[in-house]
Every structure is written in structure tokens, then in C-alpha cells.
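K.L.:
Protein chains in written order, with the working numbering: chain A, 20 to 390; chain B, 20 to 390; chain C, 20 to 390; chain D, 20 to 390.
No lab work stands behind these hints: they were computed from the structure. Take these hints with a grain of salt, some might be off.
Repeated chains share a single entry, so a pair holds when one copy, or any two copies, can fit it.
Below, a list of computed lysine to aspartate or glutamate pairs in the DMTMM-like style, where the Cα atoms sit at most 20 Å apart [claimed, not checked]:
#1 Lys285 with Asp186
#2 Lys285 with Asp308
#3 Lys306 with Glu168
#4 Lys285 with Glu188
#5 Lys91 with Asp308
#6 Lys306 with Glu106
#7 Lys233 with Glu171
#8 Lys233 with Glu257
#9 Lys306 with Glu188
Bear in mind that the values here come from a model prediction, so they are computed numbers and not experimental data.
Protein chains: 4
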Amino acid sequence: MTNIGIGMIGGGYMGKAHSVALNAVGAVFDTGLRPVCEMICTTTEAGAAEKARTFDFHRSTANWKVLVEDPKVEAVYIASPQETHLEIALAAFALGKPVFCEKPLGATLEDSRAMAAEAEKAGVTNMMGFNYIRTPASQLAREIIASGEIGEVTYFRGEHTEDFFSDPESPATWRTTGRSNGTMGDLAPHMINAALGLIGPVSSLIADIETVHKERPGENGREAVTNDDQGQFLCRFENGAMGMLYFSRIATGRKMGYIYEVFGTKGAIRFDQEDQNALWLYNGDAKPDREGFTKILTGPRHPDYLAFCQGPGHGTGYQDQIIIEAKDFLQAIETGQAVWPTFQDGLMVHEVVEACWRSHEQKRWVSISDL
Amino acid sequence: MTNIGIGMIGGGYMGKAHSVALNAVGAVFDTGLRPVCEMICTTTEAGAAEKARTFDFHRSTANWKVLVEDPKVEAVYIASPQETHLEIALAAFALGKPVFCEKPLGATLEDSRAMAAEAEKAGVTNMMGFNYIRTPASQLAREIIASGEIGEVTYFRGEHTEDFFSDPESPATWRTTGRSNGTMGDLAPHMINAALGLIGPVSSLIADIETVHKERPGENGREAVTNDDQGQFLCRFENGAMGMLYFSRIATGRKMGYIYEVFGTKGAIRFDQEDQNALWLYNGDAKPDREGFTKILTGPRHPDYLAFCQGPGHGTGYQDQIIIEAKDFLQAIETGQAVWPTFQDGLMVHEVVEACWRSHEQKRWVSISDL
Amino acid sequence: MTNIGIGMIGGGYMGKAHSVALNAVGAVFDTGLRPVCEMICTTTEAGAAEKARTFDFHRSTANWKVLVEDPKVEAVYIASPQETHLEIALAAFALGKPVFCEKPLGATLEDSRAMAAEAEKAGVTNMMGFNYIRTPASQLAREIIASGEIGEVTYFRGEHTEDFFSDPESPATWRTTGRSNGTMGDLAPHMINAALGLIGPVSSLIADIETVHKERPGENGREAVTNDDQGQFLCRFENGAMGMLYFSRIATGRKMGYIYEVFGTKGAIRFDQEDQNALWLYNGDAKPDREGFTKILTGPRHPDYLAFCQGPGHGTGYQDQIIIEAKDFLQAIETGQAVWPTFQDGLMVHEVVEACWRSHEQKRWVSISDL
Amino acid sequence: MTNIGIGMIGGGYMGKAHSVALNAVGAVFDTGLRPVCEMICTTTEAGAAEKARTFDFHRSTANWKVLVEDPKVEAVYIASPQETHLEIALAAFALGKPVFCEKPLGATLEDSRAMAAEAEKAGVTNMMGFNYIRTPASQLAREIIASGEIGEVTYFRGEHTEDFFSDPESPATWRTTGRSNGTMGDLAPHMINAALGLIGPVSSLIADIETVHKERPGENGREAVTNDDQGQFLCRFENGAMGMLYFSRIATGRKMGYIYEVFGTKGAIRFDQEDQNALWLYNGDAKPDREGFTKILTGPRHPDYLAFCQGPGHGTGYQDQIIIEAKDFLQAIETGQAVWPTFQDGLMVHEVVEACWRSHEQKRWVSISDL
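Only chain A is shown next, with the shape it has when bound in the complex (with noise of 0.2 Å):
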């Protein structure tokens, strides 16, 4: 067993449950390697001590430079805005220190382009914080479509919809400006990467995107609202296999829209995120008067289960998918070998839903290789 230091940069939602994560992961799992909270690096020096108090790291900082320059840090989080993302991983990439960023991974393409490939030059651990793909459910699904147990993939769906702004009166905040913060650039990496995940490689794909509520109530009467409420494109994978996600901060009724389905030459398969403890599985090959969707509660026989519970379908939550990342994370940079997604996958994200805003502006299907 060997401490490695951890710096936190980011304090609000994400660095919080890093954090929680980090305190319980070597319980969980006991891993290899075994977190230290070294520092905290929040924008505020009070703040970060607060942070760090409430948080259990010994130090803190409201500059992200002493914190990766730190000798104790030995590995650096990013839990902070999009824009920092690009100046920080390369900071700790120039001095061999292992990132784990939270998506999406840059503010632009050429942030996230610059981003892996500084990750792969320096030759250090990486890896990106699609939290929800880590789920036990989710990461059986990822098993059971690579194994071809249920065939050739013919088709998938997805979405990633919530319901934060349905209400056309919900004020403006900082969600509502800026390309980064719209459904686009905030929901729709989630799904987009468990379409890659799960399937393989988009080839080409046509997009509509909407700014559904156009002004909303702000502190000066009206303010225009200036990202997208909802987007959605048609694509087909390399492999062939045909495509739908939808994306949307407006789907009144959903809280954590995570849903795909995908339908297989043997087989077939559901998920919803809001019951995060099943995946349903269609057998194809199942008796034919006895076939139906199967609803698998998941257990300690399905990946990373058994750390949290001995027992089948007493379940895991947000937190745990959060602890699964920590795990990952260590034990990647514990025995070298990179954990999906990595930098590189995080920009194979971006590039897809640069083809999103490319095929909607242009009104045209959009490959990926032309981007």
C-alpha cells in the first residue's frame, strides 16, 4: 500500500463529490494506492480553507499553480471551469503528473485537441469524469454489446434529458449564455460518450438544435438567452449500426433522462438512469413463448458491485459511480494502464458534437472525418 497525493481543483458540485470519493474509496475497494487529500484550490483563499476543512484536505490554495506544483501533489483533479481545463492539465502533464478532468474536456475544439495530445506526448495517466457510464449497470451493458451477445448492433438510442429549465420562467443564470453551458455543451457529452462507449465510432450524423425559450426573466426584466435548450441528431456508426440521441434541458418530467436502448441481431437492451439498478435485457434466443424483456437488478457478480454491497439489488447511487472513478483512476496510474475514457475519448466527444453544430448550421450531414 502507497499514499499518493491528491490535489482538488474545484470546490463547488464536482469537487465536492471527488472529494467524498476520495475519503471513502480505499475503504471501498481497497486499492493499491491510497489517496491523500494534499490540497484544495478553490478561487477564494478563505474559501479553499473552508473547502478544505469540510472536505478533510490538509491544505489549501486559491492558486491552481501552487497547487500543481506542489511536491505532495502527486495527482491533480480538475473539477473546475471548462475554460481552465486546457492551462491546468498541460501544467501537471509538464511535470509528469497524472489528471483526471472532468468532462467536457476543453472549452473549445482546439482546447480539447491540444489537451490529448499533450496527454499522450507527456505519456501520463489521464482520464476523463463521465461519471454516469461507470455505473455497474452501465458498464454490464458495455459488456454484454462487446462480447456480441446480443449480435450486431442495428440500432441505438440516446438521450440525456433533464428538466432544470421546462419552466419558461426559470430565471437566467450563467447556464443560459455560452455555447459550454447549453445542452449541447453541458448535457450532451454524457450521452454522446456512452454512444461511443457502448457502440463504437460515429461516421456522420445531422443535427437540429433549439434555443426553445429565447429570453427568460433576469435581474434587468428580460434577458436573452444565448445557448440551446434542446438538440438532437440522426448518425450512423462505423460499425454500420444506425443512430438517434436526443439532449434537453426542457423535457419536462425527467430528472436524469440517461436512457439508451439498443437493438441487436440476438438481442437487445434498455437502460434508464433513473432506476440506475437494472438493465433490462432482452434474449433473443430465449424459449418463444417464455422471451421478454429481462429486468436485471444488479449484483455482486456484475462489475464493481461486490465493493459496495454482498448482496444483489441492494444498490448503488450517484456517489458510488463517483467512487468507481476514483478506484479507476488510481489503479490506472498504479499500474500504468489507461482506464477508458481517456483524453482521447473525451475529444472523440467533442468532435461529435462540433459535427452537431457544423450539421445544424449547415443543414447537411456532417462526417466526423471531415471536421
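Model the placement of chains B, C and D on the given structure of chain A, informed by the hints.
P.N.:
Relative to the frame of chain A, chains B, C and D by itself:
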């Protein structure tokens, strides 16, 4: 109570369903007009006689003209192959006889246009058979949307998916040749009709259509499949709502996937024909900590349910939809009030299908008004 | 094909359902015997004439003896109040005419015993109407259990729950007086019949029965409720299985709670009439990491489904159960083979109800054999 | 922020779960008292040292007295076998140290009585670990019932069902001997505690308990199973509600069947731990044609959810229940306010279990007050 003589053309699957419905509808609904099963027409005299016996028709014929012209036949059901629809309908209209036509309307867009035009010219009752839309649950969905109960519709997703050809080794049949027997020709019209009925006219769309299994085992070795297995399109409705529809006969595991979801600014709806006695409604005005989708079981307070059962939750089934169609057709004849969907509505469905093909072939967005 | 004249006694809810079924059954099933709706009997001549017109019967009467004795009436449906069942059935049996009797069998245990004894003595077709058990899904459940597919049954839970009296201020009606109109008399027989049919005879039980709302608003102020709102019992079946049944008319939110769950040594079954087209089956022999309950949608491979629909998942409804009953009754007459449940089975249900009352009153376990 | 030293007795399944919780709870909840994992005790020195390393405890011991008496251990977790609970708890109380005790309270009713009495006498914080009841959904259910939102409760049904012994050929283990390791001793307490917490005290009951598989394969051939596989009871609660509870370890297909349904005069509730992030609520005051069960996904507005996640529907899991327990225990110590369920509540659960055994053996209704 007045009798009305019915002529049934077609003795197959739908011919049987409509015959059962005509036998039952009077006792179920106590309609003003009572149908008398006067004559049935199939392709052979012997076959027609047998069907007459089985389905309780007085007489039979192998010549549809005999049926249409028979003075005791006062209204005509068309449940024969698509290619025959035009000629039969025009003959009936020429005699001023009401016509009920199974979906789709005509075998070609030109046929459908002619049928809709002649229906209008003749001024007699004409009605399309898109049976699924007549469940109490889907009728309720139409009412809810039309009333504004879920606000402005922002998104619609629909699918008609089955899996009768999901096995690549299922043999070729008459269903695997002829565009009108493919997925876009045979399955898509149901859900397109639903979309038009629930949301309103489509203004533009972009489609992708595919024959996944290009050969199937036939009597003489491998046979080419000349029509489509699956298709999908993105669209915008005239009222501005964004939409997406998907159709498949290879959607492994789906038996009767007539599914739609509607998001509105004040609520949402979900429906799945595989559980046809429930409509899921999300009421955006609910108390914030009590909000969620409510599973409404259809009951006597919902459209057409009470005639089948006094208690809620007891459920109606496939055959009952056809009985409701019969009641509506009889009522339309009796009152002279057209009942949705008419031939004109059938034509609008056909136009969307045609636009899909054009969009698919030209790989571009197509406006319905440009057809 | 031979015609058989039917006499229907009762023009209420069940009288209508059976009349619709008799009109439809020949076209649905192509039965060997074709029912002719010969005569209907209700309490007044005018009412009966009106029902004859509505339900398509040739003649009508207000005197059930006239109906039973009519030479063209060759089989009798009893859908009149329980108190009348005994006398009618005996009159029909005396004339050697087959009898279909709506549940429950007799108004008292003595009545039921006499009816079962006379049915046996007469040696003519006799059948009980416990309609819900005739859904394709519940027929499939019986087959699965009987075949040993889920192994030895270790536990059965059943309920028949509705909520038509859940509101304490719902007015008193004829349903709130008379033991036979209470929950144990009116609702319990359905699920007891299911338990006996699925698992086998009950050997002993202990029951608890309750009138929760002892008064309800009536025409002259508060009126006493003289029968039971809910009841439940623990039991052992003769095959050793442990069981539990619950019945209620005040189960808020339950519309048609005809629900059972069966645990066996090799599998399990779940069914809920509110989603009557699905049977949930757990196969204990499944691969350990793929196990779970499979939602089997009823289809053409399951009992009696194909007559209604060629495609799986299209669904049958309440009225279809009654049509299946009609087919089974006609078939029993034609073949001379008794179809479950007969009057003898109806008597066994009544015995369990009686044992419940005795157990409740004496607050002790009661053996069915001690009745 | 004050530290509090924790001593953990037991390093098994629950020992691990509580250790993970103690590592995480401070970052999740920002508790006033911060737990310091001071010492862990298991049966061997080497094993304890290993657990200390894995679970992040400072020190270890194989002697629980050393742990309890250690001055840095300021509060004690008991997660060791039931037979040890009494002695440990009394030793801790004698030193005025708060105790958290895993369910069930004592190995015998006498033990439980002594523990509850000593807890009261000592006047220090004492709390039971019935973890499942701490999900946000079940906490919400308690609030809803307590507030009268569903009116007067008329019926309660609960079950705790799993299937780890459903295969008759599963080998005998320590779980198959000893009453306290049987279904009534080990599983029943969870759901009995839920029933008491949701509805209130039970007044009388009648139970049936069974060892279905009386022998299982052991190391030396067939071994006798000396405890129970399944049990059930009918009951009345002190507030008059009728109830029924069922417990099984052979309920084929049930993985975590912690299920309850509550009918009230104004509404109803359903919960199933296998989908622990949803509570189903039927609101009897809904518009009649919009009524149905609403699937409420837990979210930030519900108890204890926000600490884990800002968005609704993201979900908590098994481990999170234990973290909530830790928070509640720390808060109880900090504030001096007892948190349900205390040892007194654990005793009431034990009394119901004892009454079940007495009722089963004497085959009669038993009043809790007569124990």
C-alpha cells in the same frame, strides 16, 4: 334504430377484426345505426363463402364490384391490399356509399391524392383505419394536449417498432418486397398519423431509411429484400415543436412498440401500446416535492371506455379498438359529421412518408409543402 | 356448424358483457356450436324488450321460468342476483339444459352445495364465470405452475383489491348491506378461485375480516354498513405451500388489483390484472448474472390469444375474457368435456369463504375439511 | 468542529459498511462532530490489523474490552454477532459512551430488554442500525403518513424477502442453525421496524412460520436446518389499522424485497427497495380522471438527499443509507436528542418477533401486551 348493410372487402387479418367488431358493436355501444353483415368479398368464391359462414355475413362474392353495387350494401369496408383501394373507393363514392378504408390510404401518393379528392367531391362519409389511435388512453392523450393541459408542446418522440423480422434468417415473404410492404409503407403510417393527430402538421423533416438485412432465405436460396427494415426522421411541426420518429420491423424485443412521449411547457405525456391501458402524465403544477409521472389507468371517465367496462383498470384490448372504429364510422354516417382521421388525414400521412423517401434519397431536409 | 339457442337471465353489467361475447364469439373463435341469442330475461317486460333490442336477442321475458322452459333455449346463462341462482340452475338441470353461472355460485353455502350436487346428478355441462382467470396471461401462469416449470410452490400471495368504497363518505348502496355483497362475498371469490386453480386446494386458514367504515351517508342520514370492507387470511395448501390472500373494496388507488405472486423452488411468477397482458416469470435456471424477472407479453403462442390478434403484445382486454368464457362454455357443451371451473369448483371457493367467516368469528385456524 | 473517536467492533460486512460511512460522512454532510476512526476490533490481532489498514483505523485489537475502555474511543459501533451485543453495550454504557448497535438488538428477548433498560438508565446516546429505513424515499414515506396526507391508515402490507436460500441444494451454513440466524431472527426485524415506524405499535398478531427445506447438503452429507425459511403474520396495529407482514429467504427472484404498501382513507403509498429511489404515491384528492399512482423520484427536496446530489433522480444507494445513519448518530451525540430507532425501538421489534414465535407455536392470536 335503423339497420345499415355492410359490405366487407377482404377476409384476412383485418377483415376478421372488422367483422368481429361489426358483430359486437351494437351490443357494446347501442349505436343508432345497427350494422347488418350483408356481404363479404375475398379472392375466391369458396373462400368468400367460408368467411361469410365464419364471420356471420349473409352473402359472399369474389367480385368486389358485385359487392359495391349490391343494393343492400350501404357502406363499404376496404380491408384488401393497398393496390385495390383506389378503384374500390372510387366505385363506392360514385354510388354515394360511405367508405371505411384500412391504412394506408392508397398504394401510391397519386392514389391517395385521388382518393382524398374524390372523397371530398362525393361528400360522403370516409374514414381511415389507424386503429391504435383509438384506445381510450390515446384518445385521452389527444384531449390533454389539445386542451393545453401540458402547455405548449416543445418535443415529440414517436416510434412504431416490432421485431417480426429481427432474425436475419427469417425467410423472405411478400412483406420483403414492394415499398408499400416495407417498414415505411406498412408500419410508419400508424405513428405518423398519431403524431399529426396529437401535435399537428409536420412542416419539414430529414430522414434516414435502411434495409439492414439485404438478403433472406427464400424458396430458391437467398432472396433479395427490396424494401426497408427501419427508418427514422427528425422534424419540425408547424407549431414549432421539434420531433423525432422511428420505425422498425427488426427492433428485437419490441412486440407492439407504438410509443410516444410529448414534452410540453407545463407537463408531459408517455404512452406505450404494450401497456395500452395506462397513460403516464406529468403535471408540472404539482407540489414540487410530490411531482412525478402519474400512471393513469383508463376507466369509465375516459373516452369510449365505459361501453366496455364499468370499473376502471379492467382494460380494453386490440379488438376493442376496432369496435370503437366501427362505432365511430357508424356515428359519422348517422350524423354526417366527419370523424378523424378521414381520407384527407390519410393523405397527409402519405405525404410525410413520401417526404421521408425524398429526404432519404436526396440526403437533405424536405418541406412538406414542397412535395 | 350447429346453432345453439341461448337464454340470458340478467340484463345488468354482466348480462351485457355476456351478450356482447355471444355476439362476437363465433367470428372470433369459429366455434363448432354457434350461439343464437334467443331470449333475454330481466325484471320487467319493457326492460327486457329494451335489452333484447340493445343486445340483439330475438325475444324477451320478465319470467325466468318462461325462458328456461322455452324449447329454443338450449343453454342458460345466469347473470342475475345470487339469491336466484339456485332455483334457476335446478330448473335448467331438470330439463337437461347446460348452465353457465356467474360467480359466486349460490347465495349461501347450502345453495352452493345443492347446486353442485344437482349439477353432478344431472350430468349436464355446468360452468362458473370467474372471468379474470381466463386472460391468456393467467392461463399461461396455470400451465407454467402445473408443468413444474417453477418447481415446487413454496408460497402464494393473492389479492383482489379495488377502491370503489375507499372514501368514507361514499354513500351507502345495496353493496353495503348483505354478507354476499361485501368484500368476502363479492370480491374474494375471484382470487380464491385463482388460488385454487393455480396452487390447489386449501387445507386450513386463519382469517381476519373488518368493516372499517361502519356508517355511510344514506338517504335518511347516516346508514349502518352491515358487511365487510376488507378481509385477509393466512393459509396452508394441501400440497404444503404457505399462502396469504387479501381482499378489499377500500384499497385506495387500486382499480383492478387482481394480483398474485408465486414462489417456487425453481422460479417465480407475478401477475397484476392492471397490466393484464404481461406475465412476469423468474427462471431460476438462468445464467446467474443474467437472472431477473422477465416481462412476457402475451402473444399468439399463449392460450386463446391468437383468435384475437396475430401479433404479440397487441393485447386483450376485459371483454375478451368473457368471449373466451363463451367459447369454453360452447366447447364444453359440444364435446361433453367439463371445463374448469365447474359448479364443483365454485363450491370449493364458497367453502373457503365460509371457512374465513368461521375463522374470523372464532379467532382460530379452521380446516376446510371440518366445515 | 470537534473530533470524536470511534471504536468499531466487527470487521465483516456491516463493519466495512460503517467504516466506509465514517470515512465519508464528514465530507458528505459537514457534520458538527467529525468521526476519527480510532480503533477496530475483530477476532484476531492479525485480522484486526489488516482491517485497520483497509478501513483506515488508527489502531486495532482482538479484545473488545480494550476498545471500549480506550480513552480515545468516545463512541462505540457494535457490528459483531448478536450474542456479543449485550455485554459490549453494557460495558460502553457503564463508561457513559454512546453506542450504535447493528440490528437486531439482543440475541434473546431478555438481552434486548436488558440493553434497552441499561440504555435508558445510562442516559447516553443509543441507536439501532436498521439501515434500509433511512433511504430518502422511506423517510419521505414516514413524513407523508405522519402528516395525515394519506388520511387514516386502513391497511399495511410489508415484506422482507430475499432468495439466497431458494435453491434447496444450497449448502448448510451458520445461517441455517440458530433461531437468531433464521428468517424471523435476521430478516424480519428490518420490516417490523419499518411497520412500527410507519404505522405505529402492533397490538396483536397471528403468525405462521416454516422451515421449508429441512435438510441441506453439508460437509458430512445431509445436515438438518434448525431455523426458519419463511414466516408471515396478520396483525392489528394499536391505531386500528389491519396489517400483514411476510419474510422469506427462499422467495425465488427477490433480491432485496423490502416492500411496503399502505392504504389510507385519502391516499396510498408503495415502496420497493429494489427501486429505492422512487416512492409511489396515490393522491385521493386528484382530479378523478387524472388519478393514479405517481412515481416520485427522490431529490434535493426530500430528506437527506441533497447532501449526496444536487439534482433529483440521480439516486442514492445502499452505502448512502449507512452514511445517513452515521450522520444521525453523530448528530444525536452532538445534540443529545435521541434519533429513532433507539434501543427502546429495537426492543419493540424484538417483542413482535417473540410474539410471532409464541403465536406460531400456540397457533393463536397473541397480544403484544401479554408477552
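K.L.:
Under a CA distance limit of 20 Å, which applies to Lys285 and Glu188: within one copy, between copies, both, or neither?
P.N.:
between (47 Å within a copy, 11 Å between copies)
K.L.:
What label fits Lys91 with Asp308 when the C-alpha limit is 20 Å: within, between, both, or neither?
P.N.:
neither (63 Å within a copy, 43 Å between copies)
K.L.:
As a check of your reading, is Lys233 near Glu257 (CA-CA no more than 20 Å) within one copy, between copies, both or neither?
P.N.:
Close across copies (18 Å), not inside one copy (36 Å); limit 20 Å.
K.L.:
Is it within, between, both, or neither for Lys306 and Glu106, if the alpha carbons may be no more than 20 Å apart?
P.N.:
neither (57 Å within a copy, 45 Å between copies)
K.L.:
Measure nothing new, just compare the shortest in-copy and cross-copy C-alpha distances for Lys285 and Asp186 to 20 Å and report within, between, both or neither.
P.N.:
Classified as between: cross-chain Cα gap 7 Å, same-chain 42 Å, threshold 20 Å.
K.L.:
At 20 Å max between alpha carbons, let me know whether Lys233 reaches Glu171 within a copy, between copies, both or neither.
P.N.:
Between copies only: 14 Å across chains, 42 Å inside a chain, cut-off 20 Å.
K.L.:
Check Lys306 against Glu188 for me: Cα-Cα at most 20 Å, and say if that holds within a copy, between copies, both or neither.
P.N.:
Classified as between; 17 Å across copies, 53 Å inside a copy.
K.L.:
Given a CA cutoff of 20 Å, do Lys306 and Glu168 count as a within-copy pair, a between-copy pair, both, or neither?
P.N.:
Both: 16 Å inside a copy, 13 Å across copies.
K.L.:
How would you label the pair Lys285, Asp308 (within, between, both, or neither) given a Cα cut-off of 20 Å?
P.N.:
both (16 Å within a copy, 18 Å between copies)
Comparing the model with each earlier hint shows violations of hints 5, 6; every other hint is respected.
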